[in-house]
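Each chain, written out:
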Amino acid sequence: MTAISVSTTITTRRSPLVNVRQRSLLVAKWRVLWVLTMFAVIAVCALLRIGYIGVVQPAPHSQSMAEALTPERADIVDRNGVPLARAFNAYSLWYNPDALGSGTPLVAPPERVAAALAEIFPDMDVADMTERLKSGRPGYLRRRILPEDANRIHMLGEPALEFPRETERFYPQGSMAAHVLGFVSADGHGRVGMEEVFDARLTDPASRAKPAVLSIDARVQGALEDELGRGMAESNAKGAAGIVLDVRTGEVMALASLPAFDPNLIDKDSTPNIFNRVTNQVYELGSTFKPLTVAAALDAGTITDIGRRYPSGQPLAIGGFRIRDSHKMGSSLNVAEALIHSSNIVTAQIADELGGQRLKATMSALGMDKRPYIELPARGFPIWRSGEWPRITTMTVSYGHGIAVTPLHLASAYAAMVNGGVWRPATLEKIEPGKVPTGRRVFKASTSARMRQLLRMIVVYGTGRKADAPGFRVGGKTGSAEKPGAGGYRHSSLISTFAAAFPMDNPRYVVVSMLDEPQGTAATSYQRTAAWNAAPVVARVVPRIGPLLGVMPDETRDVDISDLAPLIPGANGGHE
Amino acid sequence: MNLTRDRVRSIGWAFVLTVCAGLLLGLTFRVNAVKSQVRLAERQLVSLRQEKLFLETEFEARSNQQQLKALNDVEFGYQAPRAEQYIEGERQLVALGKPRAPGAPEPIRVAAATEGDEQGAFPTMVSPLTGKAVAAEIPQGGPRKQVDSAHLSQRLARINLGEVATE
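Chains G and D supply the protein sequences, listed in that same order.
Each residue of the first sequence is one higher than the one before, counting from 1 in this note's numbering.
Each residue of the second sequence is one higher than the one before, counting from 1001 in this note's numbering.
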């Protein structure tokens, strides 16, 4: 019974159970299939994504060590490797009002944050800073902050004050050599100086690992700027310019234009000082041209005898114009005396004999009719009379009037006059030994030798006495020219220049110092002429830079001027 | 389970393959670990170099020509040496040691201690208790001569051959 009942139970319930089991199995299988399909789809998607990332998207930015160490803009160094301009990862202080998301940008009240910032940067204006923080505009609060200041800002606990590291151009020497270097503007390109000239080279990935080398010597540049600044302060001058030039290669060892600017901080106040007086401004450089005239006359053979006497007692009348001397120098002067006392009358006569054509040719060969040869972008065009020079122009040019050139023109011309007669273009790039440009011959070697004697005599006996640095055998010429103004020359404003070379027995360097509108002060014995302000600058610069440049002072040596000394009364046939 | 020869061989191969795969995996991990170590070291190098550059630049900025000039003006007042302070060549250097020629100018003399008030190199150490020299208080191997400054220099200057021989 039971068996039957059991069997009946089984038989009766079996078929639906089988059905249920089969159905649930099917469902389970389907579900597994669905899950598998889903996983497969996800896997395929992931693979496709990986493939897409691998093929289409750029690789993540990974830098090699060499890349990371290459600056974004190459350094500029001086001839001895002293860095003058550097790519520098500096912190800057950036205000990001969105750092905290919505709501107030700052945790503390803006007034308190501004006061805390002013504690870190004492020169900060608290009221102005509070305004800027309140305004809620993102922007730089300060550029170039020190790491310790960045740490202190971090301690304030304000997420809105960010200090990103940015590559900036930094000039460790401050305003030194600013006119040579220039600066980098906000667009990342160089301006004014060698930063502009070298711009492509400095930013080119292939060449920026190596620094650009200048011909400047930082120590010489420092000494020149220092002494020019002192000369400018002592004479209360408006500005000053100076240059030290290697006479054998044309390399510029130092180039200074004062007042200078700080390339680290270009603002409204410093912008007028960006103007370069050495290469961009043309001046009538006055009597410093007299040796060039005498050299041209010696070279052309119109002066065969240095002892020949020229009348100098009366002003020279020419075409309604009178050429005068600054003071009475006697009824007649020889060539050496004319240079020593700086006589306009005699120099004009020498130029008259030489003729305008030959004087013009010499001046042209010295590059006085073109912009100065130098890499810098700012180069002034000389005031140069074209065509045939009338007699009066020839005469005035002979003593540096009616022609306006830059101090750099003068330095290059003096280098040619003392180095044996070869003119070479000035350069701010260091010249490797053996790659010195050939240059062009302007004067004969014999003329150059004679001019060395005469220039030395001007310093030993003449107007350049105050430029004499003992042992350095300095030779040179003063020049004090009145500045042209409305309706003629202005008697009260001068350009006083001293163009010198040392050591005169074997010239190595030309030094030109120029002061713009010097005043008579107690320090300059109430005189305004070059002998009292520009010449002492040279006397102080030369002992500082000579030993650095390999010129040792020696009081036992000098250029031999014994054959010319008898021409100077009171020289006792030889100099002291 | 019957292990035929073939089966054992294939199990062996599989085992060898597994071991090789494991080794390969280990090696790969090791290589990657070394690679990341190298990267880390490179990154450290870069950051150290940058720090060096940073410090160098700071040093350059703090010791720039204008700063040095200001420091010299305030603190030292050094000036460029004059011509007579230079010696040109060996000849002038040798001339410095030569005896004075007759009629030559007086040479520059420098300050020096005179022989009369010589106090000796070391002050004598005196015991605060006895008031005697310390060296005299502790006799070492028999009585010793009292040491004072006058004798010290003499003693230091001579070598006692007898003492040397006994040591």
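Calculated directly from the structure, the hints in this document are not laboratory data.
Virtual Cβ for every residue (Gly too), placed ideally from N, Cα, C.
Heads up, a few of these hints could be off.
Claimed, not checked - Some chain G residues judged to face chain D by a derived CB distance under 8 Å, without partners named:
{"no.": "1", "residue": "176"}
{"no.": "2", "residue": "226"}
{"no.": "3", "residue": "552"}
Going down the list of hints, with the structure as the test:
1. Taking 8 Å as the C-beta cut-off, the interface hint given for residue 176 of chain G holds, the closest approach to chain D being about 5 Å.
2. Taking 8 Å as the C-beta cut-off, the interface hint given for residue 226 of chain G holds, the closest approach to chain D being about 6 Å.
3. Residue-level restraint check for residue 552 of chain G holds (minimum Cβ-Cβ distance to chain D is 5 Å; threshold 8 Å).
Consistency note: the structure conflicts with none of the earlier hints.
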